[in-house]
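Student: Each chain, letter by letter, is given below.
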Amino acid sequence: MSVSQVTPVIETPESSTNGYAVIGTRPIRPDGTDKVTGRAQYGADVRLTGLLYGKILRSPHAHARIKSIDVSRALVFPGVKAIVTAAELPQPSGKVTDLGEGAMINPRFMSNNCLAKDKVLYKGHAVAAVAATSPHIADEALALIDVDYEVLPAVLTAQDAMREDAPILHERLMALENPNLRPGGLREDTDTGPGTNVANHFVFEIGDVAQGFREADVIVEREYHTSTVHQGYIEPHSATALWNADGSLIIWCSSQGHFAIRDQTARIVGIPVSKVKVIPMEIGGGFGAKTLIYLEPVAALLSKKTGRPVKLAMSRTEVFQGTGPTSGTHIRIKMGAKKDGRITAAEACLIYEAGAFPGSPVNPGSQCMLAPYDIPNARVEGYDVVVNRPKSAAYRAPGAGAAAFAAESLIDELCEQLHMDPLEFRLLNGAKEGTRRVSGLRLPRIGYLETLQTAKAHPHYSTPLEGANRGRGVATGFWHNGTGPASATVSVNPDGTVILVEGSVDIGGSRASAAMHVAEVLGLAYGEVKPMVGDTDSVGFTSTTGGSGATFKTGWACYEAASDVKRQMIERAAKIWEVAPEDVEYAAGTLTYSKNPELRMTFRDLARRLNATGGPIVGRANVAPRGPGPGLAVHIVDVEVDPETGKTEILRYTALQDAGKAIHPSYVEGQIQGGVVQGIGWALNEEYVFNDRGEMLNASFLDYRMPTSLDLPMIDAVIVEVPNPGHPYGLRGVGEVSIVPPMAAIANAIYRATGTRMRHLPMSPGKVVEALSKQQPGN
Amino acid sequence: MATVYIPEPLQSLSRGEKEVTIEATTVRQIIARLEALYPGMEDALVEDEDLKPHIAVAVDGEVSILGLVEPVGADSEVHFIPALGGGSTER
Chain B
1 MSVSQVTPVI
11 ETPESSTNGY
21 AVIGTRPIRP
31 DGTDKVTGRA
41 QYGADVRLTG
51 LLYGKILRSP
61 HAHARIKSID
71 VSRALVFPGV
81 KAIVTAAELP
91 QPSGKVTDLG
101 EGAMINPRFM
111 SNNCLAKDKV
121 LYKGHAVAAV
131 AATSPHIADE
141 ALALIDVDYE
151 VLPAVLTAQD
161 AMREDAPILH
171 ERLMALENPN
181 LRPGGLREDT
191 DTGPGTNVAN
201 HFVFEIGDVA
211 QGFREADVIV
221 EREYHTSTVH
231 QGYIEPHSAT
241 ALWNADGSLI
251 IWCSSQGHFA
261 IRDQTARIVG
271 IPVSKVKVIP
281 MEIGGGFGAK
291 TLIYLEPVAA
301 LLSKKTGRPV
311 KLAMSRTEVF
321 QGTGPTSGTH
331 IRIKMGAKKD
341 GRITAAEACL
351 IYEAGAFPGS
361 PVNPGSQCML
371 APYDIPNARV
381 EGYDVVVNRP
391 KSAAYRAPGA
401 GAAAFAAESL
411 IDELCEQLHM
421 DPLEFRLLNG
431 AKEGTRRVSG
441 LRLPRIGYLE
451 TLQTAKAHPH
461 YSTPLEGANR
471 GRGVATGFWH
481 NGTGPASATV
491 SVNPDGTVIL
501 VEGSVDIGGS
511 RASAAMHVAE
521 VLGLAYGEVK
531 PMVGDTDSVG
541 FTSTTGGSGA
551 TFKTGWACYE
561 AASDVKRQMI
571 ERAAKIWEVA
581 PEDVEYAAGT
591 LTYSKNPELR
601 MTFRDLARRL
611 NATGGPIVGR
621 ANVAPRGPGP
631 GLAVHIVDVE
641 VDPETGKTEI
651 LRYTALQDAG
661 KAIHPSYVEG
671 QIQGGVVQGI
681 GWALNEEYVF
691 NDRGEMLNAS
701 FLDYRMPTSL
711 DLPMIDAVIV
721 EVPNPGHPYG
731 LRGVGEVSIV
741 PPMAAIANAI
751 YRATGTRMRH
761 LPMSPGKVVE
771 ALSKQQPGN
Chain P
780 MATVYIPEPL
790 QSLSRGEKEV
800 TIEATTVRQI
810 IARLEALYPG
820 MEDALVEDED
830 LKPHIAVAVD
840 GEVSILGLVE
850 PVGADSEVHF
860 IPALGGGSTE
870 R
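Sequence lines, in order, name chains B and P.
As numbered in the working numbering, residues 1 to 779 make up the first sequence, in order.
As numbered in the working numbering, residues 780 to 870 make up the second sequence, in order.
Derived from the structure by calculation, the hints contain no laboratory data.
Check before you lean on any hint, since a few could be wrong.
Said to hold, decoys possible - Partner residues aside, some chain B positions facing chain P, computed with beta carbon under 8 Å:
{"hint": "1", "residue": "G207"}
{"hint": "2", "residue": "G484"}
{"hint": "3", "residue": "R626"}
What the hints assert, rightly or not - Listing some non-contacts, in silico: residues in chain P with all C-beta distances to chain B over 12 Å:
{"hint": "4", "residue": "E796"}
{"hint": "5", "residue": "E798"}
{"hint": "6", "residue": "A811"}
All of these numbers come straight from a predicted model, not from anything done at the bench.
Idealized CB from N, CA, C, for every residue including glycine.
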């Protein structure tokens, strides 16, 4: 294990770490200049000849039946070119299907979320779309579309939605009792069973839970609630579509996975994927939410009807009301331990609000919440419940943050009752390689204990925290990390540089990390590799940038593609020298004949001679690697709570995380800091505020309070490196686990500052004041 | 022989057996052997020549992205679990 407490300084690209020439250094990102000069092209920057502008008509009701839609007045409005509704979309199957390359969707639900069919299921649900010669005309025309609604009672919380007499969102929703048994989605037409809002219910269990609790000396049981929060990316969704006369479709948009956008759009508009090309634009943040389509099929239909390119771009209010936030949750957890601190049993029930269509992150939440611990007897039950809110979407370690808020807060209470230091408790019970999780799976090599030890030795943990109303909290987090198929090609230029084309959309610096893999393999300088993200017609299939998997899987592809170049360069040198390839050595970008070291060529020398000695060299790789290696994080936070206003100030924050091997430490730190900041917002301020009609009352950044740099101290990011044996350089995904611990860490700190346990998020000033007014120590 | 853990909902098919040992080199072979032992298992796990969309298979603690063609070692542990959504829509 190596530990580097890294301060965010730019080192020269020539610096090296751990014997690598490029891996572990901090070069400037290739997209940096364009971004800081404003030249980078994001989704909404697309401008095409003849471009039309689209606008979406959205439901004013949280739950209503659409009796009729009359577009006749809007269609004759000067400048209006076309209007579409769900009637013009093919109604695909309601059965969950695999799109063939790993992406799993329910096409009916996805289509009905893009344009409502028969019913609107949340305020802001798209109902119709207009294309016009200007955005203002399109906006005005929306008011001329007459929609006759039969307003239905709305159900806004999971608890209400699970009542027997609750309004039913989907009359034919199939209630899964376990996803191992049934495929999900909508029931057959002939199935006339009772309706339900419970889309899924499952149980994970290991050991003998009842016996485990009998063996416990101390048992704590509590309930926790978290509010719906949005990912808050800076760039709103936008899509531009051009449906050509030959039936092909081109889409320009920013997303986390242009292949997924291609596959989803093709399915929803009913054309083959080979007819769709998606050109990825720069992305201004996604955090999981830009993995789904909203505007793309609508823009495509409008373009098909008009024969012109059509651009749709959301406002911030539309982003809040019409795209997926993460779920509100209700979690009960019970845990027992012996007097010596060993956990004997745990039991939890997680109820997540999916929004208008099934698919909350309750499954990963259930599998992650106890994963940092070695618990012999455990049972976790999960419910996925539909409610009249926007359909939830992934948000950074989906489901795990809310689950950790519950588990890590409860563990803090358990430690208090046991009079144990919270890090000692975790070191005693911490999971390691071979530990069996509640899902039954054994953990691979992880760095949890090493990260805990690093936290315990960190000066932050031992520095006295003095002053009134101040407290220190700790919490930990687990995220399983993901992988998937990925592709890359590396082309050698005559000047000795290489072009890297890869398929992962770059959200957090993955172009730089990908280029670093290639430079390391080929012994080139970082600047000699020019990386770019290819469109769906230019590079092999690559799965979405999500699950903290981009640098892992695409890094693998780049490593393999560069190795392919290396092999071909060796063969070419052997051909030129008329020697056997096995006698040619390649090191640090130089080829040498091993039997006569005077016979040598640099990569650049050989690159210049390629076309005359057999043609160009292009390396390629398509991979689907296993072994992404879970990520674990330990956070320490100091807070001060103003007892009069309830405002919580973050005084100091240290986030420690096992990165396996930090390919580009600055981007690892950036991911750690970004996750922490989002977690602080989730903990202290952010929430969707609804009235009883299901209308969001704070759908702007003025009223939806996200933290800014003025609210925060510098987040101290500490990288721990316990290499992942599943990767050639040992890296683990780093993008998500940093958002898992903050909510609990801050709640635990607030308790130490005030003596009051906060079990509802957000712990906003008003709620803290209210809690303090009811203060009963230990409750 | 690989150890295969039968998820609770499928234990009615396996007559209550929670785990079995099977000689196989791929997940596809595991399911074929399970079907021979406990008829109905293949229908419960497989659809259109792939694992059902909501089902994932984990071999030696790693959730597979290869599905039926995932290699299985002589001492592997094989679990059938709900597919994880993760940070994307992919399993």
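Student: Hint by hint, say whether it matches the structure.
Tutor: How the hints compare with the structure:
1. Checking B/G207 against chain P: minimum C-beta separation of about 12 Å lies over 8 Å; hint violated.
2. Annotation: interface hint on B/G484 holds; nearest CB of chain P at approximately 6 Å, less than 8 Å.
3. The beta carbon of B/R626 comes within 5 Å of a beta carbon in chain P, closer than 8 Å, and the hint placing it at the interface holds.
4. Non-interface call for P/E796 relative to chain B: holds, since the shortest CB-CB distance, roughly 15 Å, exceeds 12 Å.
5. At roughly 10 Å from the closest C-beta of chain B, the C-beta of P/E798 falls inside 12 Å, breaking its exclusion from the interface.
6. For P/A811, the requirement that its beta carbon stay farther than 12 Å from each beta carbon of chain B is met, with the minimum near 18 Å.
Of the numbered hints stated above, those contradicted by the structure are hints 1, 5, listed in ascending order.
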